[in-house]
Amino acid sequence: MITKEDIDRINFLARKSKTENLTDDEKKEQQMLRRKYIDWIKLQVRTQLDAIEIVDSDGHHHKHGPNCNCGHHHKHGPDCDCHKH
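Heads up: the sequence shown runs through residues 1 to 85, numbered per UniProt numbering.
One thing to keep in mind: the hints can contain errors.
Straight-line C-alpha distance at most 20 Å; calculated PhoX-like pairs for lysine-lysine [what the hints assert, rightly or not]:
1. K16 x K28
2. K18 x K28
3. K36 x K4
4. K4 x K42
5. K27 x K16
6. K4 x K16
Computed Cβ-Cβ distance ranges for the label pairs, DEER-style [said to hold, decoys possible]:
7. R15 x G59: 48 to 54 Å
8. K27 x I52: 24 to 30 Å
9. R15 x D39: 30 to 36 Å
10. V55 x E5: 37 to 43 Å
Don't read these hints as lab results, they were simulated from the structure.
The structure displayed is predicted, hence computed values, not measured ones.
Ideal Cβ positions, reconstructed from N, Cα and C, are used throughout, including at glycine.
Let the hints inform the model, and build the full structure from the sequences given.
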């Protein structure tokens, strides 16, 4: 989880890097905090997408995924229903 302190530190390091050189430790910290932030955003997006339910024309509810037949290219595997295995 990203805290307000993490975001404040990300912003501080970004501002500082525009006016002076960051130390090696600050550069490593900045990279670590940025990665943590990106991973947190990805998790939030994934959680939202996983919660989406698709309602077809017959009123049936489906979750988006390997067997949803939405036309997106999902990873092929034993459960993909593409009949090419």
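field: Hints violated by the structure (listed by number, smallest first)
entry: As far as the earlier hints go, 8 and 9 are violated by this structure, in ascending order.
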